[in-house]
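Novice: The chain contents come next:
4 protein chains.
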Amino acid sequence: MAGRNSLFIPGPTNMPERVRLAMDIYTEDHRAGSAPEFMMPLFEDLKKVFRTKTGEIIVFPSSGTGGWEAAITNTLSPGDRVLTAKIGQFSSLWVDSCRALGIIVEDIDVEWGEGVPVEIIAERLAADKKHEIKGVIVCHNETATGVTSDIKGVRQAMDASNHPALLYVDGISSIGAIEFEMDAWGVDLAVAGSQKGFMLPAGLGLVGVSQKALDAGKTATCPRFYFDFRMMINQNRTGYGPYTPAMGLLRGLRASTDMLLEEGMENVWDRHHHLAEGVRRAVRAWELKTCAKKAQWQSDTVTAIMVPEQIDGQELIKRAYNDFNLSLGAGLARMAGKLFRIGHLGDLNECMLFSALGGAEMVMRDMGMAIEPGKGVGAAVEYWRKNS
Amino acid sequence: MAGRNSLFIPGPTNMPERVRLAMDIYTEDHRAGSAPEFMMPLFEDLKKVFRTKTGEIIVFPSSGTGGWEAAITNTLSPGDRVLTAKIGQFSSLWVDSCRALGIIVEDIDVEWGEGVPVEIIAERLAADKKHEIKGVIVCHNETATGVTSDIKGVRQAMDASNHPALLYVDGISSIGAIEFEMDAWGVDLAVAGSQKGFMLPAGLGLVGVSQKALDAGKTATCPRFYFDFRMMINQNRTGYGPYTPAMGLLRGLRASTDMLLEEGMENVWDRHHHLAEGVRRAVRAWELKTCAKKAQWQSDTVTAIMVPEQIDGQELIKRAYNDFNLSLGAGLARMAGKLFRIGHLGDLNECMLFSALGGAEMVMRDMGMAIEPGKGVGAAVEYWRKNS
Amino acid sequence: MAGRNSLFIPGPTNMPERVRLAMDIYTEDHRAGSAPEFMMPLFEDLKKVFRTKTGEIIVFPSSGTGGWEAAITNTLSPGDRVLTAKIGQFSSLWVDSCRALGIIVEDIDVEWGEGVPVEIIAERLAADKKHEIKGVIVCHNETATGVTSDIKGVRQAMDASNHPALLYVDGISSIGAIEFEMDAWGVDLAVAGSQKGFMLPAGLGLVGVSQKALDAGKTATCPRFYFDFRMMINQNRTGYGPYTPAMGLLRGLRASTDMLLEEGMENVWDRHHHLAEGVRRAVRAWELKTCAKKAQWQSDTVTAIMVPEQIDGQELIKRAYNDFNLSLGAGLARMAGKLFRIGHLGDLNECMLFSALGGAEMVMRDMGMAIEPGKGVGAAVEYWRKNS
Amino acid sequence: MAGRNSLFIPGPTNMPERVRLAMDIYTEDHRAGSAPEFMMPLFEDLKKVFRTKTGEIIVFPSSGTGGWEAAITNTLSPGDRVLTAKIGQFSSLWVDSCRALGIIVEDIDVEWGEGVPVEIIAERLAADKKHEIKGVIVCHNETATGVTSDIKGVRQAMDASNHPALLYVDGISSIGAIEFEMDAWGVDLAVAGSQKGFMLPAGLGLVGVSQKALDAGKTATCPRFYFDFRMMINQNRTGYGPYTPAMGLLRGLRASTDMLLEEGMENVWDRHHHLAEGVRRAVRAWELKTCAKKAQWQSDTVTAIMVPEQIDGQELIKRAYNDFNLSLGAGLARMAGKLFRIGHLGDLNECMLFSALGGAEMVMRDMGMAIEPGKGVGAAVEYWRKNS
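Residue numbers (full-length UniProt numbering), protein chains in the order written: chain A, 1 to 388; chain B, 1 to 388; chain C, 1 to 388; chain D, 1 to 388.
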């Protein structure tokens with residue numbers, strides 16, 4: 001099939017040429033005397049992406065799931081209790097992982113399409129007078145439903161009851177793309193992955209860790225070795241790692257961190273909003289609904305678009321791929337077949353997104369949906385052009 | 001600026017990843033014993049792209065202009081007369097090159113937007129009873145105006161008067177993209193470049209040479225060394241070249257030739273027609289005219305779109321590039337500022353072309369043109385989708 | 001500094017161009033319908049490298065250390081007892097990791113330079129009438145000392161006393177390079193990393209798992225999530241993974257697996273032996289000793305060369321790097337400064353190894369060592385040439 | 001065959017990773033407004049490599065042979081007379097090219113292995129009272145014999161008789177590698193190729209042109225179009241080219257020019273001398289002779305090594321390639337089978353050259369030559385080490 005794949009899954013995201021080239025290198029001597037000159041500034045600059053001055057950033061050769069496991073095992077002990085909300089497929093998986101690792105999870109089940117219920121969390125924390133809840137775990141951006149939750153609000157809820165629990169945030173599909181403020185929001189554990197806002201292949205799990213979280217680690221008894229913060233921090237301080245680092249990916253991380261900081265984090269967030277809003281205008285012009293039930297929850301990194309009941313969203317995605325070399329995101333678990341997702345995070349611009357919108361129009365038409373051809377694209381054209 | 005450049009100039013064209021990877025290699029020993037195993041099948045397979053069984057394909061490290069010079073100097077002598085038509089910028093440059101090389105050119109000036117005037121050529125040839133015209137030179141696809149000429153018709157005109165002149169065809173933006181039949185159309189010199197249908201960077205000039213042309217070379221006295229067919233053919237027969245070959249580009253040429261032949265030339269031509277027709281539907285929906293004055297001349301590799309008189313096409317292209325990272329082709333020479341061009345040849349598909357169409361809509365709107373947003377894209381959506 | 005780095009650390013190893021190109025690709029849609037066509041044959045072919053027909057190969061986005069943690073946590077329960085020998089830095093680290101994960105380790109301390117003491121292991125197992133030892137853990141190739149242990153012998157020792165313990169083998173610097181027979185040697189857990197014999201960057205931990213080990217996993221209670229075999233196997237069976245796979249590395253793994261199997265594992269092992277033996281001839285010609293105390297233990301993947309007492313091996317390595325862009329391996333822990341290592345595993349040939357040998361001669365001369373220039377290289381020349 | 005090819009042909013040379021990456025890019029819009037920002041500084045910086053302040057550098061998409069044709073046709077008229085010496089295969093080819101282009105060549109035949117005979121040239125020029133000789137053509141570095149000629153001496157000979165002829169220098173295998181001073185030596189036409197000192201693939205012919213040569217062009221009547229200086233200079237002044245530039249190669253040229261200038265031309269020359277001298281020490285230790293008959297002519301970019309009469313140099317090279325993946329240069333024309341060449345120009349260092357020396361020892365031994373193993377390498381070790 002001629003031409004390139006139009007990739008609009010919500011991660012792994014399109015890799016910028018600069019990042020690709022940074023990684024396309026021959027094997028390096030990671031133990032060379034010059035290695036720390038590379039490693040140490042990288043860790044410093046990552047802090048600027050996470051927006052922390054007081055925390056540490058630890059990078060594991062793993063997926064984001066590994067970063068998550070690291071956050072849990074380094075700060076909690078078996079039998080500890082955490083509070084969380086299941087707002088979609090990924091937040092539900094975190095619950096599974098906590099339980100597998102011996103943590104007791106108090107989970108609030110929320111209708112998919114809604115964000116983290118800040119009020120309920122506030123209530124639970126207020127009720128937890130004995131401070132049995134050791135951690136509050138929230139998914140910043142639920143990739144499955146295209147819902148962004150209010151992390152700042154969660155922090156305010158915690159502060160309101162002076163609750164000492166640690167705040168764990170799954171920022172895998174938010175950090176490096178939409179507003180995220182580790183220090184200002186009092187996030188203790190911030191988990192990111194290389195394959196989303198960092199525009200790299202999967203293979204690195206990044207964890208931002210507050211000093212409070214590091215302190216908690218001193219008494220945490222979850223068994224850990226590979227994901228042990230202490231071993232990593234001790235070695236990273238010398239500019240090396242406790243085991244062979246994934247140098248190729250780290251070179252790419254250097255490039256993508258440079259790109260993010262050169263653009264400026266606020267500009268990166270604005271760009272994501274600008275592109276997302278054009279996609280949402282298209283969705284409205286198509287007279288379709290997003291999975292996100294309210295505008296406040298609509299994610300700037302991925303839009304999940306509900307299809308009419310008689311339409312099989314899974315078939316739609318399959319046709320997009322087979323007929324037009326267009327990769328869209330599928331509905332997952334309880335949303336399987338009910339929606340399709342357009343990822344719009346990472347290295348994108350308006351013209352690239354027309355591939356997603358025009359392609360989606362073709363396949364929706366082919367599926368028999370009553371979309372007026374060009375209507376959605378036209379709405380985006382009008383929103384994205386300079387003098388509108 | 002985030003995201004990739006949307007490249008819709010009519011060459012150099014988008015490079016397929018497979019071609020890029022084929023060229024991304026370390027220096028090879030081009031004199032190694034194994035070199036002929038690479039070189040010789042390549043020359044054979046190139047014949048299948050040019051559609052010749054009896055001719056030879058010669059590849060020069062040069063641009064297409066060099067291929068053109070090779071075609072002239074290897075077959076003509078100073079003072080020889082050729083007949084041609086100037087239908088646009090590139091066909092006019094060939095006239096200049098012939099004259100610089102000592103050839104007398106009888107050129108028919110045609111309004112830009114029209115194809116080669118087959119009837120006039122027929123008349124001139126019929127009138128040339130003494131066969132003073134040694135060559136008929138035609139531009140198959142005039143990239144500047146988006147006009148495809150009727151090469152088969154030119155051959156019929158030549159045959160009608162039994163004229164022995166050689167038929168020279170500039171196939172730079174046609175070969176490997178739209179129907180081209182070197183043997184069936186009796187083309188004696190067919191010039192191609194690496195950066196169009198072959199989807200490579202510029203740097204190779206390819207010339208298809210008929211046996212009749214090779215015979216003509218025996219008496220041709222134009223001075224030549226670098227572009228000498230004889231030296232190349234002699235060396236190529238051994239699987240090597242007379243000077244250091246551009247191995248990187250040749251590796252890429254191997255890959256793109258494989259891609260073309262795997263797809264099948266007829267399918268390649270059909271795909272170009274299919275994509276071009278969608279673009280033309282968009283142009284009609286925008287209520288704009290192509291530079292090509294009749295449908296029969298509309299090129300399947302590039303569409304030149306006339307802008308209203310009060311609009312500066314040059315400014316439009318500049319904004320497309322600066323505001324949206326979209327590269328469109330400019331109007332050249334007498335068409336400067338009067339049109340913009342969308343190249344649709346090479347490694348493209350529908351979703352990619354939405355970047356061009358959506359982007360063009362944004363910038364036309366920004367320039368104050370009365371385009372209904374989404375109208376052109378919608379027409380393409382409807383044409384390109386599977387069940388329309 | 002001109003020219004490339006001459007890389008002779010014992011991993012990450014030199015990356016073949018074919019592997020590099022396989023990984024230099026744009027982001028793929030890892031959830032596309034075509035993904036299983038890629039993933040499933042890869043897992044099958046990896047079995048041929050590990051030499052198992054009955055086991056499973058599981059690939060984690062992690063370093064080899066992660067593979068090790070996976071082997072432990074999926075088969076043992078906290079408080080379980082294992083038997084191992086500390087023969088160098090890496091085998092010592094495994095002891096640390098086991099302890100961190102709650103396992104009781106009975107470790108035999110061996111002088112560095114010796115292999116796993118098969119007889120002592122045999123004795124301990126014979127004495128363990130109650131079968132309290134649940135696992136025997138051995139490092140096949142201790143990278144720190146250049147010592148290869150006798151895994152087949154360990155299996156025989158286990159069989160001699162009919163001991164039911166699982167056999168865990170650290171094959172990180174052996175699998176894909178020197179003889180390794182998972183099924184024939186009755187290995188239950190075989191851990192490899194991408195950056196050694198597989199000639200990839202670090203970033204993948206591979207674990208070969210026997211059916212017996214999978215059965216043991218049913219009752220193993222070590223907490224695990226990221227490294228859980230069950231989740232991986234269930235997903236891998238469908239051609240996908242439980243979390244985002246590191247597609248770039250997997251594409252590279254496909255290429256290196258192809259290369260290994262095309263060459264044939266026996267030929268790969270022979271080549272490593274051939275190259276290693278030339279290096280050892282050079283060492284003898286230099287009148288130096290290997291860290292490996294007996295010929296039977298000398299590793300075919302890395303040679304650790306003892307320097308005279310008055311010479312600082314650390315300084316030698318630093319000069320090699322700074323003065324000649326030559327990367328050698330350092331002495332670690334108790335061997336720090338006492339030796340330097342030449343890695344000779346992975347994508348190497350004789351001419352490449354002359355860079356290591358000639359470079360080593362220069363730097364040894366510069367350090368004041370009484371090496372006759374060319375003596376070591378000459379011994380290798382004579383051994384490696386065809387008609388010697 | 002495992003491992004990489006050890007490439008020691010005298011060009012194309014080993015490509016630095018930085019150059020490779022600079023070229024590994026997707027298609028660029030070479031007509032974008034930003035193009036001149038790239039092109040114009042490049043032409044300026046190339047002057048620093050050619051060591052000219054008053055001349056112009058013109059870059060053609062061609063091989064070095066094309067650059068040569070450009071130098072001739074832009075400055076001479078058919079029937080003009082030039083003086084040259086045939087000192088090897090490449091200087092002989094230039095004679096052929098001049099004759100093919102209508103130039104009368106007065107050629108001095110010199111025994112291969114000697115440099116340009118400055119005294120004879122001086123005599124001929126002194127005798128040419130009518131100044132019928134329009135050009136003196138010299139090959140700076142004859143790649144076939146490993147002989148460097150005395151360009152400065154030729155200039156002095158020309159000045160001695162106040163001869164107004166233009167000085168043409170084939171600097172293809174010298175510029176960017178060994179001392180070359182376009183202005184100081186009064187070179188009027190200096191021809192280089194991308195694949196030697198510039199460490200790129202073949203595909204670019206570079207010509208340094210003095211103002212005197214440009215003036216000569218005003219009356220030169222050799223037909224020319226593709227290689228016309230005027231068209232190139234006019235377009236290059238605007239930051240563009242007259243035909244599609246080979247952007248990939250130009251991006252690589254930017255990188256290699258940066259590398260050369262960062263290192264400093266004098267340092268580049270010193271490095272080439274340093275490496276060449278080590279190779280020559282090895283040749284002496286092998287008790288072999290160079291083709292260059294005197295030390296003053298021994299080239300710092302390539303050493304041609306005579307083999308004993310009973311040895312077939314062609315077979316030696318073939319075995320090096322087939323048995324050891326080592327690429328050496330062959331003897332050409334009258335030197336076929338009598339020598340082999342080690343190219344040592346471009347991106348090399350000591351450790352890399354041990355691959356050539358050690359490899360050569362193996363194959364010479366296999367061919368039955370009485371070389372003491374390690375002797376040549378040892379001599380190089382002793383010369384190249386820091387404290388020798």
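Warning: the hint list may mix true and false statements.
Note: identical chains are not told apart, hence a pair may lie in one copy or across any two.
Mimicking BS3-like on lysine-lysine, the simulated pairs with C-alpha atoms at most 25 Å apart in a straight line are [claimed, not checked]: (1) 386 - 130; (2) 86 - 294; (3) 53 - 293; (4) 129 - 318; (5) 386 - 375; (6) 134 - 294; (7) 375 - 289; (8) 130 - 86; (9) 53 - 218; (10) 218 - 338; (11) 152 - 48; (12) 386 - 318; (13) 47 - 338; (14) 130 - 294; (15) 212 - 318; (16) 338 - 152; (17) 386 - 338; (18) 152 - 212; (19) 218 - 375; (20) 86 - 318; (21) 48 - 129; (22) 47 - 375; (23) 152 - 318.
I should point out that these hints are in silico values taken from the structure, not numbers from a laboratory.
Novice: Hints first: check each against the structure and report whether it holds.
Specialist: Results of checking the hints against the structure:
1. 386 - 130: For residue 386 and residue 130, neither the intra-copy (56 Å) nor the inter-copy (63 Å) Cα distance is at most 25 Å.
2. 86 - 294: Only inside one copy: residue 86 and residue 294 sit 17 Å apart there, 60 Å across copies, limit 25 Å.
3. 53 - 293: Answer is neither: 35 Å inside a copy and 51 Å across each miss the 25 Å cutoff.
4. 129 - 318: neither (51 Å within a copy, 59 Å between copies)
5. 386 - 375: both (19 Å within a copy, 19 Å between copies)
6. 134 - 294: neither (30 Å within a copy, 55 Å between copies)
7. 375 - 289: Both: 15 Å inside a copy, 23 Å across copies.
8. 130 - 86: Within one copy, since 24 Å is at most 25 Å while 47 Å is not.
9. 53 - 218: Close inside one copy (21 Å), not across copies (45 Å); limit 25 Å.
10. 218 - 338: neither (46 Å within a copy, 36 Å between copies)
11. 152 - 48: Cα proximity of residue 152 and residue 48: one copy only (18 Å, versus 52 Å across).
12. 386 - 318: For residue 386 and residue 318, the Cα distance is within 25 Å only across copies (14 Å; inside one copy 34 Å).
13. 47 - 338: neither (38 Å within a copy, 39 Å between copies)
14. 130 - 294: Close neither inside one copy (35 Å) nor across copies (64 Å); limit 25 Å.
15. 212 - 318: Neither: 46 Å inside a chain and 39 Å across chains, both beyond 25 Å.
16. 338 - 152: neither (31 Å within a copy, 54 Å between copies)
17. 386 - 338: Between copies only: 22 Å across chains, 35 Å inside a chain, cut-off 25 Å.
18. 152 - 212: within (18 Å within a copy, 50 Å between copies)
19. 218 - 375: neither (58 Å within a copy, 56 Å between copies)
20. 86 - 318: So residue 86 and residue 318 fail the 25 Å test inside a copy (28 Å) and across (49 Å) alike.
21. 48 - 129: So residue 48 and residue 129 fail the 25 Å test inside a copy (36 Å) and across (59 Å) alike.
22. 47 - 375: neither (42 Å within a copy, 46 Å between copies)
23. 152 - 318: Classified as neither; 38 Å inside a copy, 43 Å across copies.
The structure does not agree with the numbered hints 1, 3, 4, 6, 10, 13, 14, 15, 16, 19, 20, 21, 22 and 23 stated previously, though it agrees with the rest.
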